[in-house]
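So you can see what is in the structure, the chains are spelled out below.
Number of protein chains: 2
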Amino acid sequence: MRFYVGLVHFPVYNKHQETIASAITPLDIHDFARLSKTYGIKGFFVITPLEDQQVLANRILRHWISGYGAQYNRHRKEALSLVSVTSSLNMAIEKVREREGDTALIVATDAAMQENRAMSYEALRGLVLSDEPVFLLFGTAWGLHEDVLQQADHVLDPISGRSGYNHLSVRTAAAIILDRLAGR
Amino acid sequence: MRFYVGLVHFPVYNKHQETIASAITPLDIHDFARLSKTYGIKGFFVITPLEDQQVLANRILRHWISGYGAQYNRHRKEALSLVSVTSSLNMAIEKVREREGDTALIVATDAAMQENRAMSYEALRGLVLSDEPVFLLFGTAWGLHEDVLQQADHVLDPISGRSGYNHLSVRTAAAIILDRLAGR
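If you're matching them up, the sequences are chains E and H in order.
The numbering of the first sequence is the working numbering, which starts it at 484 and goes up by one.
The numbering of the second sequence is the working numbering, which starts it at 484 and goes up by one.
Just so you know, these hints were derived from the structure itself, not from any lab.
Quick caveat, the model's predicted, so the values are computed rather than measured.
No false leads were mixed into what you were given.
Same chains, same names: a pair is fine if it fits in one copy or spans any two.
Quick list of in silico lysine to any residue cross-link-like pairs, SDA-like style, CA-CA up to 20 Å:
1. LYS498 with TYR551
2. LYS525 with SER613
3. LYS498 with GLU629
4. LYS560 with ARG645
5. LYS560 with HIS650
6. LYS498 with ALA624
7. LYS498 with ASP593
8. LYS525 with ARG645
9. LYS560 with SER646
10. LYS498 with GLY552
11. LYS498 with GLY550
12. LYS525 with LEU612
13. LYS498 with HIS546
14. LYS498 with ARG559
15. LYS498 with HIS513
16. LYS525 with ASP511
17. LYS498 with THR508
Taking the hints into account, I'd like the entire structure generated from these sequences.
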């Protein structure tokens, strides 16, 4: 697999559909890193333009990769070694391109169905498992900004449970989606 | 479906394989409640014998069900209305029995394969979707105590990703497992 994941903190929406840069949730970095390690993801990008948030994220990574945390819990080190902090989505896309020597398919996730460029789990799973480079984007706060959905090549179908209720946390949504796309 | 979920805070193991009662993680209550609502779970039990932790959990529930949070985010209210705080696993089992008029199949989850009483996702999904009463247990901290595994009728197969790495957070593991058992 040549499969990458990005957690976007800007541009995303707040509760009032305003464009914001969200704060980093340290626990999300851990959960996404552990999921990435579990499902064979090659790299996980934490994307934020806010310098203090980049510093915070890098401090967490240092603690677990080379600081005290590395001895305390080596499993965490393995997972967090997959994380890169980048200041923009375009920079993350460029890093994936450099690493793969190829342009990755950009796929956004959203809680709503995007009729135009919707992609099914089955179709994306096929691409992922046939080693196409794929960069899958998740939005924090109230979700990815329309500009990101537009920039993406496709938007993955929303998760449908059994109740029509569609308000999962981004970390649990990512868990379900990565299992559907890359689980055995 | 007659499907229930429990998050066990005692008895569980700590990092040193000692038996402990773990502290409640408020975020886990939210994530499990939202997952439960998404996947049509009838009730989610937060199981802890520690009275201060019961008080904390009930304070969170009140805030979101009848306090300020209920107006702030009605989706959260819908999800958290599924949560009950109980002081022991046996009490939770009894509440499920009272509600269903029938004894539920108790299925534990564990990060390791339990050869004796292992149950596959396919087998358990079949039971869940045929409306058998099922009570699925997740352990906090370093996992469910051996006594709970023994008390359960079955132990669900561990999640296998692609890498042999098997160190997910309980909330992301629950997301994957509920999607496998009750997702469409």
